[in-house]
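From first to last, the protein sequence lines are chains A and B. Residue numbers for the first sequence follow my numbering, beginning at 1 and rising by one. Residue numbers for the second sequence follow my numbering, beginning at 391 and rising by one.
None of these hints come from the bench; they were simulated from the model. All values derive from a computational prediction rather than experimental measurement. Among the hints, a few may not be true.
To be verified - Short, incomplete list of chain B residues facing chain A, as computed with Cβ under 7 Å: (1) ILE452; (2) ARG463; (3) SER469; (4) SER479; (5) LEU485; (6) LYS486.
Said to hold, decoys possible - Here are some chain B residues the structure puts well away from chain A; computed CB gaps all over 12 Å: (7) GLY423; (8) SER540; (9) SER588; (10) GLY602; (11) HIS618; (12) GLU645; (13) PRO657; (14) LYS659; (15) LYS663; (16) GLN680; (17) LEU682; (18) ASP690; (19) ASN692; (20) ASP709.
The beta-carbon is built from N, C-alpha and C at its ideal position, and this holds for glycine as well.
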Amino acid sequence: MPQALEGSQAIAQAVALCRPEVVAAYPITPQTHIVENIAKLVADGKLNCEMVSVESEFSAASVVLGAVAAGSRAYTASASQGILLMAEVLYNIAGLRIPAVMTCANRAVAAPLSIWNDQQDSMAVRDAGWIQLYCADNQEAVDTTIQAFRIAERCELPVMVCMDGFTLTHTLEPLEVPSQEQVDGFLPPFSFARTLDPRSPISVGTLVDPNYYSEARHSHHHALLRAQEEIIAAADDWGQLSGRHYGGLLQVDGPEDARLGILTLGSVLGTLADAREEYPEAPAAKLIKLRSFRPFPVEALQQACAGLSDLIVLERALSPGGGGIVGAEVRAALSELPDAPRVHNFAVGLGGRDVPLDIYPRLLAAAQSSGPTRFAIFDAELDRLPEGDR
Amino acid sequence: MSTVSETTIPIAELRRSQLRFRGLEAGHRACQGCGQALAARLVTEAAGPDVMIANATGCLEIFTTPWPQSAWRLPWMHSLFENTGALASGMEAALKAQGKSTKVLAFGGDGGTFDIGFQALSGMLERGHNVLYVCYDNEAYMNTGIQRSSSTPHAAVTTTSPSGKARMGKRHLKKDIISIIAAHHIPYAATASAAYPSDIRKKVRRALAIEGPTFLLIHSPCPLGWGHDGSQTVEVARLAVQCGLFPLIELERGELTSVMPLRSARPVKDYLKPQQRFRHLFQDDTRAAQELEHLQALADHNIEVYGLRGTNADPLDSDGADTVRRGGMRWA
Ligand SMILES: Cc1ncc(C[n+]2csc(CCOP(=O)(O)OP(=O)(O)O)c2C)c(N)n1
Ligand code: SF4
Ligand SMILES: [Mg+2]
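Chain B with its partners taken away, still in its complex shape (with noise of 0.2 Å):
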């Protein structure tokens, strides 16, 4: 991390100086292995160096700019927890009036966006700004203290939705935000995963090429909220998607054009398991087996409504999208 920068870079500069152009630095105080962290730093190499950022309250904005420290090589603000793409509108109608094009990044947690800041959202998408607005998405309130959000999957375990005699975890449903966005009819919707780089990198082109309101919805672990081993986001971000919890797709203009297939679905024990927000639901008994049950019948249904289901190996699909050489993608 740097002192907070005066100088003025050269954007031609920037990009002779470093292999490849880092948006986010290293040195940053986010947890060890935490996801967001790393599909942050993913989402700002492949967009690159014109482009400015609003940054909704939350992990990502606390751990990257403790005053007078910021890893942030890019413009970048915060303002508050529930008006990120109000800001975002605003500072792409600016840009607009100059007459520049630099792309304009609104970044939220799940709370951020599925809860507190969704109204905001909204209207953006509505009017049409030409911003991509990518949530990270931990599923839960993890800056505050791991609380439940309309984003924390059924039976999760978070401190307000904790398990007991009475509940085994929460109560409700993950809100579907993506469909929600996709209703919007903008251009461009699309979920990744903080396990699949390249296809990080080909959504984010994708999203940037597009004039108008994109949305990336990014599935970020968080070791500390999820509890799980900080050397294991990867696996455990990948076994959500091979399971069919966290189904990576496309939507244009509200319709669905691709999905990431699944070369052969992983029971969702096997994404659970390493997970000590699920920890209740591997003891011996009947409401912890109905409710995996019914998270296998979730994931089931998503594979289903979505065509997951794959045919042959293919080199991009959930078992071989990872192994797609960094950067080697060229979409946009």
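The following block holds chain A by itself, in its conformation from the complex (with noise of 0.2 Å):
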């Protein structure tokens, strides 16, 4: 039965049905909620799990990392400064193979200072060698919160669950909280390999020199690449228990024969489906959702863009002076097509700026009036600022 629930209070009983033994907490806004939600239910008798409330991010990455380490499933959450002041420990946790999992509760970084929402903070840790995985809605967030452990667990790689700040984690919806008995039978006990015991030492985290460096990198590259099985099985397994499904590494919704496409990731989806709806005029597209940024599906890319003329990139964060980053990314992908479509690179919604529906039309007019744009914030009102930074 559906219950209403804010988003990080449902996070927080998805995290409590995967039965972690050790969670890490300190706040940062908007991710405060979630772990808020989870020291209650470790109060309430409800989760048995220790419970850290350390001294920064940069410490609860390092529990999480302990604790896996020493056998124990362990999760943590942050956002924005939390999730750049943990980076030296994300880059350590994934070349260490260590299977755990966090919530990034999207925000912007400063400067300057914003609290709301952008995911310019788990791009800026694309490259540590985690999964990220970003979700549309705060029930695709949950039950992605489950699928990442058991795909963590499989394939020994750290999951980042990414969820929009505010838009997400603070908005009260409808949503179905998955029984003890469906996350049981589908998540077994936590298991690793390669777990600290005296029964048997392992030495971790050696000093490896050039002669061997090369390879554990392409052993991890290699991880990530493959995960993307894991990621479409963990979607399809929850799907048949759970009868929800949002697409493995990315879903595709809209006419089969439209030219026009727009591809984003993360809560903007949900605007751009209801705007499709408000403006039936509008050039039929096809909606593609990004759920799997890392691994980056390049093959699952190529075939949804068959076809299409357009391609509208959305993104919430930039590379100043480069440009978009997921945009670069889907160019890089489409450029081994035959036909590539034009694509068109826009940020919108940076810190927190609403997204209105009739961004919508407006999108699509831009696709089709000039040659692609290489990249621009779309929503920016540059007869606000200074002539010479315009």
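Make one complex out of these two single chains by using the hints.
And the structure:
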């Protein structure tokens, strides 16, 4: 039966259903409600786990690392400045192939200081070697969290579940919280082959000289590429169990023969889907939800975009001086196609700027009227800037 | 050293096959006479096989684990330079959740402990994790080539605190870390020295018998960084204690509970003289003379505040303790 839950509360319940033995917590808006809710579940005796309230995000990630290495399922969550403070540990967790799971409640990164949603934080650590899954709504975030533990543990890779701050974390929606039986049937008890154990002592995190380093990096890269199969399998198996499926690596929605497409990640998808109904006279377009950004699903993307003449890539982050982050990767992937669509790359909704429904027809018009846009912040009002900055 | 092992060795078997349990094997790549290598061996010997180690980046981590080799016979993990307190916290939380009694040891250098890893350590102590944190204090960032840390003594020369016309080595005092640690009111904090093996054993066993956070600061000479002969490590470490510059003390819940008495305090000059890092203090120069006086005053101050002056010859004082037979003390 659906319950009305705030996104963060639902995530806390999903995490609890996965029976973590250690949860590390440090507050930052808009992630805070998640760990607060977990702390309450622990206090109420509904979740039996070691709740470690640390003195920084740097330590939160390190506690999770130590806990998994010592043989326990472990979880943490953060956002924005917290993700950046964790960055060094995030690389370390991934390089050591530690199956940890965390939530990133996506928020802009200062400066300028903003507590509101965009995806600069998780994008800043995209090369850390974590699996990154982006969720379009709270039900998907709940279900993806459960899938994340299974993916992590099967692949020996950490998984970051990304959900838009406020837009999802603070929104009350009716959703299904899975039953404990469902989750137990899907996610076996934690087991990790490289656990630290006095009965069979191993050394972890040793110095690797140039003679071995490239091979270690190759195997990490390939583990991520191979993880695509587990991401799909987890989505399918969970789909069978729960009746809910969000696509594995990505999801395509819209008329088969549409020549226009919009690709995006996260909650903007909901806005675009609503707008498509609001503006029936707008040209037909496919909506492509990129669910897995790491691994980057090149083949799936090529299939999804075959036959398109124009693809708009919408993202909520940028690489200043470079341009769009997702856009650049999509372009590179599609460049292998014989009739690659033109790619129009825009950032929208940075630092929590509202993305209104009427952005949809305006985007489609922009894609049709001119040549490809290499990159622009679509909703920046340039006339508010001094002449020299436009 | 052996190749990183995958085989399972029962703990009882380990105990039987060796007269003394060795957590850290010979054959690692430390410099000859490395005080830290000696101290880490003593600590792991005393701790026994039912432990796991979180090790900060630094010399100890580097010289023991060049992939695919490892000198450790214990479950051992290195993550980063500044997160060891938190890494150990996570291990301990996991073991607690699993209902296991394996003790977590955290190892860090002075840089990883006094400076960059201090916040994570403070958090670990405040949260009361059941971890023994051991700091191997060689008074500089040795692994990166002898740079000053907040543990470097006043006037010592490092590559980032050189002496010259305008400077006499490090301008600031050695951080009083043990007081800061004790101010967390943890059950047990102590200082020890690579020159006093039986004292190290006693303190490790005491710490391990306690449920909760404990801390051990071990003065560990670095022949390379201090500029003394590798054969002089134990002698140099002993002189640091005997002159009062490195007092051996124990603190419980923040209160001083015991000290190793000095039979007769040696002049600090005797300690400084064999070390190149203090060579500039022995020039004919009024500034050098002043610095020597200053260092002597620091030692005198320690002797005063910790009440280090012994009365009679005590078998456990700074002249007697190192003659105690190996493994002779039974505390825990
Ligand atoms: C964040 C970070 N900064 C700097 C370094 C470089 N680094 C590695 S070991 C080390 C010095 C270690 O000094 P200490 O903790 O005293 O241990 P020692 O080598 O002296 O035993 C430094 C500066 C690092 N690994 N990580
Ligand atoms: S540099 Fe110093 S601390 Fe490092 S291995 Fe050599 S003697 Fe030991
Ligand atoms: Mg050092």
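Check: Is the Cβ of GLY423 of chain B more than 12 Å away from each Cβ in chain A?
Finding: Answer for GLY423 of chain B: holds, closest chain A Cβ roughly 22 Å.
Checklist line | Verdict on HIS618 of chain B as a residue remote from chain A, using beta-carbon distances over 12 Å | finding: Consistent with the label, HIS618 of chain B stays out of reach of chain A, its closest Cβ about 27 Å off (over 12 Å).
Check: Any Cβ of chain A at or closer than 12 Å to ASN692 of chain B, or is the non-interface label fine?
Finding: holds, 31 Å
Check: For the hint on ILE452 of chain B, does the least C-beta distance to chain A fall short of 7 Å?
Finding: The hint holds - ILE452 of chain B has a Cβ within 7 Å of chain A, the shortest such distance being about 6 Å.
Check: Holds or violated: is the Cβ of PRO657 of chain B farther than 12 Å from all Cβ atoms of chain A?
Finding: holds, 41 Å
Check: With d taken as the least Cβ-Cβ distance between LYS663 of chain B and chain A, does d exceed 12 Å?
Finding: Nearest chain A Cβ is 36 Å from LYS663 of chain B, so the label holds.
Checklist line | Beyond 12 Å from each Cβ of chain A, as asserted for GLU645 of chain B | finding: Check passes; 25 Å lies beyond 12 Å.
Next item on the list: Please settle this one: ASP709 of chain B was flagged as non-interface, so is its CB more than 12 Å from every CB on chain A?
Entry: Holds, since 38 Å exceeds 12 Å.
Next item on the list: Please verify that hint: SER469 of chain B, Cβ, nearest Cβ of chain A, below 7 Å or not.
Entry: Cβ of SER469 of chain B sits 5 Å from chain A, so the hint holds.
Check: Per the stated criterion, does the least C-beta distance between ASP690 of chain B and chain A lie above 12 Å, as a non-interface residue requires?
Finding: holds, 37 Å
Note to self: Confirm or reject: LYS659 of chain B is not an interface residue toward chain A, with every Cβ-Cβ distance exceeding 12 Å.
What the structure shows: holds, 39 Å
Notebook entry, point to check: Does the CB of ARG463 of chain B sit less than 7 Å away from some CB of chain A?
Noted result: holds, 6 Å
In terms of the numbered hints stated before, the structure departs from none.
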